[in-house]
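The chain contents come next:
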Amino acid sequence: MPERVTNYQCPNCTAPLRWDPKSARLVCDWCGSSFTAGEVKDFYAAKDAAAEKKAEEERKAGAQENPGKEDARDWGAEGEGMQRFSCPSCGAEILVPPTTGATRCPYCGNPQIVPGQFAGTLKPDCIIPFKLEKKEAVKALKKHFKGKILLPKAFSSTAHIEEIQGVYVPFWLYDDTLDADCLYEATRMRTYISGEDQVKETRYYAVRRKGTLVFEGVPADASRKMDDAYMDSLEPYDWSALVPFSTAYFPGYVADIRDVSSDECGQRVHERCEASAVSVLRRDIGGYMTVRATGSRADIRSEKIRYALLPVWTLVTEWKGKKYLFMMNGQTGKMVGNLPASTGRTLGLFTGLFFISAAAIRLLLMLMGVQ
Amino acid sequence: MERTRHAFLVFLLLLFSFSVLPLAAAVPAAVVDDAGLLTSSEAAQLEEDARSFAEATGCGFYIMILGDGSSARSVSISRAADALYDANGWGWGGEDSGVFLLVSLSDRSYAYVLRGDAEKLAGGRMEPVADSFAASFRESGAYEGFRTWLVQAKDAYEAAGKGDGDVANFVTLVAAFLIAVIGTMAARRRLHSVAYAKQADAYIPEKGCTITDREDRYVRSTFIRIPRPKSSQGGGRYAGGSGRF
Chain A
1 MPERVTNYQC PNCTAPLRWD PKSARLVCDW CGSSFTAGEV KDFYAAKDAA
51 AEKKAEEERK AGAQENPGKE DARDWGAEGE GMQRFSCPSC GAEILVPPTT
101 GATRCPYCGN PQIVPGQFAG TLKPDCIIPF KLEKKEAVKA LKKHFKGKIL
151 LPKAFSSTAH IEEIQGVYVP FWLYDDTLDA DCLYEATRMR TYISGEDQVK
201 ETRYYAVRRK GTLVFEGVPA DASRKMDDAY MDSLEPYDWS ALVPFSTAYF
251 PGYVADIRDV SSDECGQRVH ERCEASAVSV LRRDIGGYMT VRATGSRADI
301 RSEKIRYALL PVWTLVTEWK GKKYLFMMNG QTGKMVGNLP ASTGRTLGLF
351 TGLFFISAAA IRLLLMLMGV Q
Chain B
1 MERTRHAFLV FLLLLFSFSV LPLAAAVPAA VVDDAGLLTS SEAAQLEEDA
51 RSFAEATGCG FYIMILGDGS SARSVSISRA ADALYDANGW GWGGEDSGVF
101 LLVSLSDRSY AYVLRGDAEK LAGGRMEPVA DSFAASFRES GAYEGFRTWL
151 VQAKDAYEAA GKGDGDVANF VTLVAAFLIA VIGTMAARRR LHSVAYAKQA
201 DAYIPEKGCT ITDREDRYVR STFIRIPRPK SSQGGGRYAG GSGRF
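In order, the protein sequences belong to chains A and B. 349 is the number that our numbering gives to position 349 of the first sequence; each next residue is one higher, with no gaps. 187 is the number that our numbering gives to position 187 of the second sequence; each next residue is one higher, with no gaps.
Honestly, I wouldn't trust all of these hints.
Stated by the list, open to error - Coverage of chain A stretches by chain B, computed from C-beta distances (three or more under 8 Å per stretch; other residues unrestricted): (1) 149 to 163; (2) 217 to 228; (3) 360 to 366.
As the list claims (entries may be wrong) - Residues of chain B placed beyond 10 Å of chain A at every Cβ, according to the derived structure: (4) R125; (5) E127; (6) T212; (7) A239.
Everything labelled a hint here was simulated from the structure, so no lab data went into it. Remember, predicted model here, so these are calculated numbers, not experimental data. Positions of the beta carbon are idealized from the N, C-alpha and C atoms, including for glycine.
Construct the entire structure; sequences and hints are all you get.
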């Protein structure tokens with residue numbers, strides 16, 4: 001079904017186009033031409049429309065309920081739950097998971113886009129195009145290794161990047177308004193002399209703060225295969241870079257479609273907002289020695305929910321037979337990923353700190369006259 | 001009545017100080033027997049012991065015996081001892097450290113003063129020494145009593161120093177262990193950069209928070225009463241004790 005697939009080729013030489021984060025244009029590495037996303041989208045409007053129409057027809061025919069079963073029947077068990085399509089450039093048959101919306105042909109390397117995945121209600125509202133290139137992700141990973149004294153030396157020198165991929169990850173962005181009613185227990189202390197005694201008085205107060213808080217664009221990833229903790233750690237994004245969705249930003253990257261509903265993600269977002277309300281209203285309380293949150297009640301209204309694709313570089317390294325996953329925010333360059341600890345270095349650091357601090361404390365005590 | 005007694009005492013102290021100070025101008029004697037209770041050889045031996053203990057520990061050990069004519073009542077003998085310590089220019093080191101025993105034969109009372117580094121003996125360490133002195137004085141005579149005092153006071157001073165050393169070692173080990181644990185945990189935490197977000201503060205725009213109601217209500221109070229440490233007979237720097245034999 002080649003008509004289901006769109007691949008953006010250079011209008012001048014038909015070579016595959018690639019999204020260049022630096023120039024924010026689609027470039028052709030063969031003839032050197034470059035185009036804006038709008039130009040390419042206009043150029044391929046007819047092709048996109050045909051592909052989307054075909055996908056819609058298939059969806060109406062019921063194939064969309066389980067697209068892979070029908071399409072990948074010939075592939076046997078391996079094709080179970082997968083989508084099959086032919087590369088429009090080389091004709092090779094490609095299998096992709098049902099949540100994949102854009103990929104690259106493993107035979108000819110041409111970027112492939114499956115517009116049917118981004119049609120109708122599945123069409124994202126907006127997208128942040130990649131701003132950072134692959135080489136910047138590699139550079140950021142090396143920087144991520146620096147300054148970690150417990151990281152095994154061999155890890156940074158021998159662990160090689162097995163896989164690196166730019167992925168547009170589906171996110172729900174929530175614009176919430178929250179009416180919060182928070183309770184705190186606060187204390188004030190004073191010391192005074194009463195007769196022969198020194199008296200320490202602790203006065204307890206019940207403090208209440210009510211307020212309305214507005215949240216703009218709280219993100220929650222809408223992909224089951226993406227680890228929520230990784231996605232949370234990549235925050236924040238700069239929402240000013242959001243642009244209306246277009247598949248023209250896809251060439252050169254993988255794109256996933258959402259498979260988690262906004263209702264499912266909403267609960268976690270609301271919990272984050274409520275926790276923020278407690279801490280933000282806490283900052284309004286002053287003049288006390290201690291303040292402790294004792295309870296809160298929040299009414300949350302989701303004013304607007306947007307479906308967005310956000311750029312993420314994923315890097316996989318292998319060391320001693322174990323895979324380590326790192327991810328980089330494709331807009332800001334923030335790199336996250338857990339690293340292994342060297343047992344020897346950990347013991348060495350502990351021992352060193354122990355003896356150095358013991359010597360320093362002893363010296364200090366001696367200077368204070370304690371032998 | 002109290003004021004008269006204090007005035008009398010101060011007069012006695014001044015009189016005694018002027019009579020003793022010229023003699024001790026060069027090197028203050030560590031053992032002053034104003035009552036003639038000790039033989040000259042006993043006094044010399046105690047003097048030698050006191051000096052050798054002082055050189056060994058860096059803390060002076062002093063004894064003064066007041067005769068029947070120099071009365072100091074038990075209620076004020078502590079203050080008398082405190083004043084005499086200063087009047088005689090006693091003490092070792094920058095803090096004028098010393099342990100001074102004043103004995104009044106007229107009312108069979110004694111008082112001791114702890115100064116400088118010797119103040120670490122306050123709080124129970126000197127009571128057994130004083131008890132031993134009183135018992136030995138009664139049962140074995142003056143010389144043995146004072147000898148017991150000097151030896152046990154020196155031992156108590158050294159033991160207190162050793163105790164301080166033990167505490168210092170313990171504090172050092174515990175603090176160093178905690179620093180090492182905290183430092184190592186901090187270094188390990190740097191290896192972990194993946195975590196769930198708990199809050200969404202970053203997504204509150206400027207002026208995105210409006211406080212609609214504030215209420216601060218007093219609920220209750222709790223009180224902790226700690227008895228104030230009592231200064232001995234009005235002397236702020238005094239540390240020591242007194243008794244009878």
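The hints, checked one at a time:
1. Counting residues of the region 149 to 163 of chain A whose C-beta sits closer than 8 Å to any C-beta of chain B gives 3, which meets the bar of three, so the coverage hint holds.
2. Judged by the Cβ-Cβ criterion of 8 Å, the region 217 to 228 of chain A is covered by chain B as claimed, because 4 of its residues qualify and three suffice.
3. Counting residues of the region 360 to 366 of chain A whose CB lies closer than 8 Å to any CB of chain B gives 3, so the stated coverage by that chain holds, three being the minimum.
4. Every CB of chain A lies more than 10 Å from the CB of B/R125, the least distance being 17 Å, so the non-interface label holds.
5. No Cβ of chain A approaches the Cβ of B/E127 within 10 Å, the least distance being about 23 Å, so the stated non-interface status holds.
6. At roughly 5 Å, the least C-beta separation between B/T212 and chain A is not larger than 10 Å, which violates its mark as non-interface.
7. Distance check on B/A239: its Cβ is at least 17 Å (rounded) from any Cβ of chain A, clearing the 10 Å threshold; non-interface status holds.
Checked against the numbered hints listed earlier, the structure breaks hint 6 alone; every other hint is satisfied.
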